[in-house]
Amino acid sequence: MITFSNVSKIYESTGKKVTAVDHVNMSVEEGEICVFLGPSGCGKTTLLRMVNRLVQITEGSIEIDGKDIQALDSIELRRSIGYVIQQNGLFPNMTIEENINVVPKMLGWDAGKRKNRYKELMEMMGLNPEEFRKRFPWELSGGQQQRIGVARALAADPPVMLMDEPFGALDPIIRDHLQNEFLRIQKDVKKTILFVSHDIDEAIRLGDKIAIFNQGQLMQVGTPDQILSDPKNEFVRDFIGSDREIKRLTLLTVKDLLNKGKKGNRKSNLTAEINEFYVTLDTDLRNALAVLLASPTGEAVIVDQRNQPHGILTFTDYELLTGVHPSKLKSIVH
Amino acid sequence: MEFFEFFSTSWNEILMMTWEHIQLVGLAVGVAILLGVPFGIYITQHETLSNLVLTVAGIIMTIPSIALFGIMIPILSVINQGIGFLPAFLALVLYSQLPIIRNTFIAIKNVDPNMRDAAIGMGMTTWQRLRKVEIPIALPVIMAGIRTAVVLTIGIGAIAAYIGAGGLGEYIARGISTSYTTMVQVGAVSVSVLAIVADYLLGRIQKQVSPKTAHSK
Ligand SMILES: Nc1ncnc2c1ncn2[C@@H]1O[C@H](COP(=O)(O)OP(=O)(O)OP(=O)(O)O)[C@@H](O)[C@H]1O
Ligand SMILES: [Mg+2]
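Respectively, the protein sequence lines represent chains A and B.
Just add 1 to wherever you are in the first sequence, counting from 1, and you've got the numbering used here.
Just add 11 to wherever you are in the second sequence, counting from 1, and you've got the numbering used here.
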């Protein structure tokens, strides 16, 4: 668990004081992804870098598992925290394998163990270990470099990861793909992750929790659903946008909706053949809505994992969501 | 064709002088590297010192070589080494310092701050960061400084013959004092060839140590 208590950072440059982080109080549970969200210059990077002491805390304290980071040796602290910087930061003088093994090597792992770890990580990232072993960073595409950056941070299996807009500089399709992989990997590794982003959609998608900042101050912290359904102030409301009800739909899948409507007997007309307007049980409700809007009949076939028709989705099904108070949404999901 | 005749009759002597010249320059630049590279790295960590050092090294560079040799003579006469190898050697070490220190300093300073950031963030100590990341990345520019120093000292080394340090400058000095034009020409051409060859070879090494990038293909 990471706890921020009254954390502030004041930069002093040429006599001028800039308050980059202003009395932040919050905590992040073990195995949780917390996304720091906010406009450029609001202090996300600064707060992140205070955790591994790349930025000196001006006031307050940060604890990891109950230990004040100020009391720990900074070198050891950093080796126990995976760090992915805003630009990927791979070392151009090292091969991919050497890049990934920087921390394990410093920790004194033997060559065999390092080699195995390299293979394991590359497979986890969906990259061929042999193909990339002797290559240099510039010989990789942007998306591949980002994945190596993440793999490198994971190398020594640190319990905590700091990720500063790791997918920021990528085109939407690759970003989408990497976000999915990232979630898949996190399911296995269960790290405590602080993740900086300025993209609300990314935050909703990845965060177990979202912390929204403005000018160094924490505006609101909570689950994506809490933030979307109950924005605490004007700033948060503006920042998440007027389409927050639509965004909320990304938090639920077709399956959730079916479970909710289970009582009414829905397995009526399975005569429908599968046409191009279909959704799967795992499709989120926002994408499902898009399919309904495109469908001339206003209906979409729901198919299950084996691609067999499972039912029909219509606009009226969405009525199940109206009148549900946001705080009850969770109970639909689980 | 006097020129080629001179070459063919005294190639033995020319080779010997070339070897003397190489020894003088090699030793001087060698020592200059051992002093200048660590010093250049050291001042990257000490901002205020770096200005002073680079200014002083810059001033030394502007002293005409013949004047610097002149200054050396009375100082080293104290230990009976006023002329000969030692003053020439010391002067060349001093001249080499600026390109080597300056290039090392700039090269390390210019390492992408993201690299430094990543290295520190991963828990490298200052020394590990320098050794594993910053020096390897800076090496091509450091090599360029060494290359400049070598070419520079090959030229200045020719003047060192006036204080009895030997080398190819001997022909130039002797030829001028005896108005033997061919001898001056042979000396000058030999020094030039030596400088060009050294520059070429060091250029090859510089390419070798450059990290591969998309541009080097
Ligand atoms: N080293 C520094 N010295 C002085 N001011 C700084 C320094 N680093 C950051 N700042 C200032 O602190 C504030 C917060 O910066 P920070 O980098 O944390 O923002 P950010 O939220 O990460 O922004 P972005 O989304 O653009 O990366 C900014 O106003 C910035 O100008
Ligand atoms: Mg930032």
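Hints listed in this document are in silico derivations from the structure and should not be mistaken for laboratory results.
Each residue gets a CB set at the ideal place from its N, CA and C atoms; glycine is no exception.
Fair warning: there could be bad hints in the mix.
What the hints assert, rightly or not - Distance windows between CB atoms, simulated: (1) Asp69/A x Leu63/B: 38 to 48 Å; (2) Pro40/A x Val208/B: 55 to 65 Å; (3) Asn23/B x Arg136/A: 51 to 61 Å; (4) Ile70/B x Ser14/A: 51 to 61 Å; (5) Val220/B x Thr15/A: 37 to 47 Å; (6) Glu30/A x Val42/B: 57 to 67 Å.
What the hints assert, rightly or not - Lysine-lysine pairs mimicking DSBU-like chemistry, simulated, CA-CA at most 35 Å apart: (7) Lys135/A x Lys120/B; (8) Lys188/A x Lys218/B; (9) Lys218/B x Lys18/A; (10) Lys218/B x Lys68/A; (11) Lys106/A x Lys143/B; (12) Lys17/A x Lys120/B; (13) Lys218/B x Lys191/A; (14) Lys143/B x Lys248/A; (15) Lys188/A x Lys120/B; (16) Lys143/B x Lys116/A; (17) Lys120/A x Lys218/B; (18) Lys188/A x Lys106/A; (19) Lys191/A x Lys120/B; (20) Lys135/A x Lys191/A; (21) Lys120/B x Lys210/A; (22) Lys106/A x Lys218/B; (23) Lys120/B x Lys218/B; (24) Lys233/A x Lys120/B; (25) Lys116/A x Lys120/B.
Said to hold, decoys possible - Under 7 Å between C-beta atoms, here's a sample of chain A residues computed to sit facing chain B: (26) Arg80; (27) Val103; (28) Leu171.
What's the verdict on Lys120/B and Lys210/A, does the C-alpha distance respect the 35 Å limit or exceed it? 39 Å, violated
Does Lys135/A pair with Lys191/A here, judged by a C-alpha cut-off of 35 Å? Satisfied, since the Cα-Cα distance of roughly 30 Å is no more than 35 Å.
Next pair to validate is Lys218/B with Lys68/A; report whether the Cα-Cα distance is within 35 Å. 49 Å, violated
Holds or violated: Lys135/A with Lys120/B, Cα cutoff 35 Å? Holds, at roughly 28 Å.
Restraint status (C-alpha distance of Lys143/B to Lys116/A at most 35 Å): 19 Å, holds
Indicate whether the distance between the beta carbons of Pro40/A and Val208/B respects the range 55 to 65 Å. Between Pro40/A and Val208/B, where Cβ atoms are some 59 Å apart, the hint holds.
CB-CB spacing for Val42/B and Glu30/A relative to the 57 to 67 Å hint: 60 Å, holds
Holds or violated: Lys120/A and Lys218/B, Cα atoms, limit 35 Å. 32 Å, holds
Measure nothing beyond the straight line between the CA atoms of Lys188/A and Lys106/A; if it is 35 Å or shorter, mark the hint as holding. Holds: Lys188/A and Lys106/A sit about 27 Å apart, inside 35 Å.
Given hint Lys18/A paired with Lys218/B - CA-CA distance at most 35 Å: Violated: Lys218/B and Lys18/A sit about 46 Å apart, past 35 Å.
Restraint status (C-alpha distance of Lys233/A to Lys120/B at most 35 Å): Violated, at about 46 Å.
Asp69/A and Leu63/B, beta-carbon distance inside 38 to 48 Å? 40 Å, holds
Violated hints, listed in ascending order, are 4, 8, 9, 10, 13, 14, 15, 19, 21, 24, 28; each of the other numbered hints is respected by the structure.
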